[in-house]
Amino acid sequence: MDTVLEARGLRVLYRTKRGPVRAVDGVSFDVALGETLGIVGETGCGKSTLAKAILGILPPGTIIEGSIRFEGVDLATLGVREMRPMRGKDIALIFQDPTTRLDPLMTIEEHFHETIRAHEDASAKEARERARKALASMGMPDTRLQNFPHELSGGMRQRIMIAMALVMKPRLLVADEPTTSLDVIVEAQILEILEDLKRAYKMSLLLITHNLGIVAEVCDRVAVMYAGKIVELGTVRDVFKRPIHPYTRGLLASIIHLDSLELSSIDGLPPDLVVPPPACRFHPRCPHAKEICWTQDPSWQEYRPGHHAACHFGSDFL
Amino acid sequence: MEPLLEVSELTKHFPVKLPIIQRLLSRERHVVHAVDAVSFALQRGEIFGVVGESGCGKTTLGRTVLRLQEPTSGAIGFEGLDITHLKEQDMRPLRRQMQIIFQDPHAALNPAMTIGQSIMDPLLIHGEANEEDAKKAVLDIMTEVGLSPAEELFKKYPADMSGGQKQRAVIARAVILKPKLIVADEPVAMLDMSIRARILELMLQLKEKYGLTYLFITHDLATAKFICDRIAIMYLGKFVEVGDAKAIYREPKHPYTTALLGAVPIPDPDRRRFKTLPSGEVPDAIYPPLGCRFHPRCPVSTPTCGWEARDVIDLLELRALQPDTAAIDEQNFGPISRLRAEGLQLRIPTGQRGIDRVRAHVEKLRGQAPPPMAGAVARTLVEGTDVLVEFQPSQDPGLRAVDGREVRCVLY
Numbered sequence: 010m011d012t013v014l015e016a017r018g019l020r021v022l023y024r025t026k027r028g029p030v031r032a033v034d035g036v037s038f039d040v041a042l043g044e045t046l047g048i049v050g051e052t053g054c055g056k057s058t059l060a061k062a063i064l065g066i067l068p069p070g071t072i073i074e075g076s077i078r079f080e081g082v083d084l085a086t087l088g089v090r091e092m093r094p095m096r097g098k099d100i101a102l103i104f105q106d107p108t109t110r111l112d113p114l115m116t117i118e119e120h121f122h123e124t125i126r127a128h129e130d131a132s133a134k135e136a137r138e139r140a141r142k143a144l145a146s147m148g149m150p151d152t153r154l155q156n157f158p159h160e161l162s163g164g165m166r167q168r169i170m171i172a173m174a175l176v177m178k179p180r181l182l183v184a185d186e187p188t189t190s191l192d193v194i195v196e197a198q199i200l201e202i203l204e205d206l207k208r209a210y211k212m213s214l215l216l217i218t219h220n221l222g223i224v225a226e227v228c229d230r231v232a233v234m235y236a237g238k239i240v241e242l243g244t245v246r247d248v249f250k251r252p253i254h255p256y257t258r259g260l261l262a263s264i265i266h267l268d269s270l271e272l273s274s275i276d277g278l279p280p281d282l283v284v285p286p287p288a289c290r291f292h293p294r295c296p297h298a299k300e301i302c303w304t305q306d307p308s309w310q311e312y313r314p315g316h317h318a319a320c321h322f323g324s325d326f327l
Numbered sequence: 074m075e076p077l078l079e080v081s082e083l084t085k086h087f088p089v090k091l092p093i094i095q096r097l098l099s100r101e102r103h104v105v106h107a108v109d110a111v112s113f114a115l116q117r118g119e120i121f122g123v124v125g126e127s128g129c130g131k132t133t134l135g136r137t138v139l140r141l142q143e144p145t146s147g148a149i150g151f152e153g154l155d156i157t158h159l160k161e162q163d164m165r166p167l168r169r170q171m172q173i174i175f176q177d178p179h180a181a182l183n184p185a186m187t188i189g190q191s192i193m194d195p196l197l198i199h200g201e202a203n204e205e206d207a208k209k210a211v212l213d214i215m216t217e218v219g220l221s222p223a224e225e226l227f228k229k230y231p232a233d234m235s236g237g238q239k240q241r242a243v244i245a246r247a248v249i250l251k252p253k254l255i256v257a258d259e260p261v262a263m264l265d266m267s268i269r270a271r272i273l274e275l276m277l278q279l280k281e282k283y284g285l286t287y288l289f290i291t292h293d294l295a296t297a298k299f300i301c302d303r304i305a306i307m308y309l310g311k312f313v314e315v316g317d318a319k320a321i322y323r324e325p326k327h328p329y330t331t332a333l334l335g336a337v338p339i340p341d342p343d344r345r346r347f348k349t350l351p352s353g354e355v356p357d358a359i360y361p362p363l364g365c366r367f368h369p370r371c372p373v374s375t376p377t378c379g380w381e382a383r384d385v386i387d388l389l390e391l392r393a394l395q396p397d398t399a400a401i402d403e404q405n406f407g408p409i410s411r412l413r414a415e416g417l418q419l420r421i422p423t424g425q426r427g428i429d430r431v432r433a434h435v436e437k438l439r440g441q442a443p444p445p446m447a448g449a450v451a452r453t454l455v456e457g458t459d460v461l462v463e464f465q466p467s468q469d470p471g472l473r474a475v476d477g478r479e480v481r482c483v484l485y
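First to last, the sequence lines map onto chains P and B.
The opening residue of the first sequence carries number 10 in the working numbering; numbering runs sequentially from there.
The opening residue of the second sequence carries number 74 in the working numbering; numbering runs sequentially from there.
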């Protein structure tokens, strides 16, 4: 299968007064053509930093190591000038909060014009027609083009963000918590739209979320992140039905869903990424941790075809 | 037994600030119908959940019950005492009996106060204890909510703590006065999944130990299912279904409840399913729909649900997305913006198109519109050069008793 995105040993270090924060620390994964890969994890696990690294929108001075290849081009080594034409055209991003990503002084039509004309020499009429079509594919009438962002509901703004991300027909869409600020019904509507569009445009989707329910419903494969590292990666079915890493298992057990019979949670606190715990970063919170867990890094092993995890005792949990 | 809290016909409307021109032109006063005639009673020791989407009025309800906002009308009784119009000075001694836990622990704690000071503050404000006793009480409660070693964390600032720890501090601050009622407004929504359960368990433990009663406000049906004894589903300022939590989850009766439950993502890849989602989004609470407020989105609506002229405009906007229907509608009606929705009446100016042509298209549209909407049309008539489409009047269905539950739906 064709690989659209390929990350190898990716590291992102933020400089802070207390020392470098290893937000993403040696992450490797692939996204295949037309595939939806979910990146799931909790606050501070590095999942949003990963998205920013792919789009090249990390703050200046951030250190990036390793490689992220998009169709063979290493994004980590691209300068601002080389990245700009790709961003929005080949790789698009949808943010969590549509309110802060739309300019309050611009109409929706102006937003579309700006996006389209940043990449090609389209006439105003042509841009308008494409904006109209993009909105219609989201189930929105073209009268909305004259609206300002504040005149629209949160769900409509997010649909506009998606329409804008897709107007250039990108080959990879990175969606960072695209439905987190939305209500459950609108969330379900947006996810349906995303799935339909992904199929229609043959696009790959990297869906970053903390919501495992969404991962189960829309992703093909999922990577579980903890403290800057991917601890488990596999098909959604394998990871949900036969999880290996104790963190994945703890996380799955802690979801409060409609069929939950009891409450469960993971003890302890998330790690400080300036001085992360040695070796396996989950060991201070892991119920199965033994000495080897704080003395040796666990290796990345394939336990089933395409199902990887980094745990010393992975085979005990098969 | 007398309920701890009794709320009847509680209404909270917020005035809308309009530009001066519109204010002069418009005769009516525009208000946001945040909470509209909500009634319920909270028994001692009960956890009553108010569940709804953002903008349904659940937070306003919680705040109004505590008199953090003044009610527009209705009554609030706390332990048999009518507190609706109590003056602030008379209200203050009661405040120690009723506390609130906010959604965002980062915003609920003063960044310039240590955790210990924040938790101690209510004791000092209410003159419950001197500083020495207060500190001891704080250390005790901190240990109890899982903030240990308490001595060490007492001196920490909120910025040095995790979200879960901060929420524990907020809970400690709410229970330190040994209140009777706690309004918990989305207490776990901002927390990571892996620690939500701990906080909910803590709330349950404290409830048992101190005999607390919770008004639990949430948008998350799964959390509500776990913790609540009874729940009310709220939509656009009104309760649409109230009853025993287990029964509602087992067999939702109101179509909105069914829709909400159906939309919750299930973390099981084997159970991916096709969802029947209600169309569109929650309408503007300044102009809530007539009749049943859910009718424009309801998958099982009937002609008596409250159809009105605005619904036709929405239908035309939907048809405008399809090039063929868009062209036909525009040819016969002109631009949608020319149509006027006035309550039950839709006014279509005919202009050059001629009355007969417009009337013929109205009839054709009736054949293509969703049957419940089409069935609600009372008559079409001509006034000058305008064609009017008039819907039959209808009423809010009101809460109806169904199998030990209350449901606001004409189907029952």
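Accuracy of the hints is not assured; some may be wrong.
[As the list claims (entries may be wrong)] Below, a sample of chain P positions facing chain B; criterion: calculated Cβ distance under 8 Å:
no., residue
1, Glu51
2, Ile73
3, Gly75
4, Phe79
5, Thr109
6, Leu111
7, His128
8, Glu129
9, Val245
Derived by calculation from the structure, the hints in this document are not laboratory data.
From a predicted model like this one, the values you see are computed outputs, not experimental measurements.
All C-beta atoms in this analysis are idealised placements derived from N, C-alpha and C, irrespective of residue type, glycine included.
Now the hints, each set against the structure:
no. : hint   : in the structure
1   : Glu51  : 4 Å, holds
2   : Ile73  : 26 Å, violated
3   : Gly75  : 27 Å, violated
4   : Phe79  : 28 Å, violated
5   : Thr109 : 16 Å, violated
6   : Leu111 : 17 Å, violated
7   : His128 : 26 Å, violated
8   : Glu129 : 25 Å, violated
9   : Val245 : 5 Å, holds
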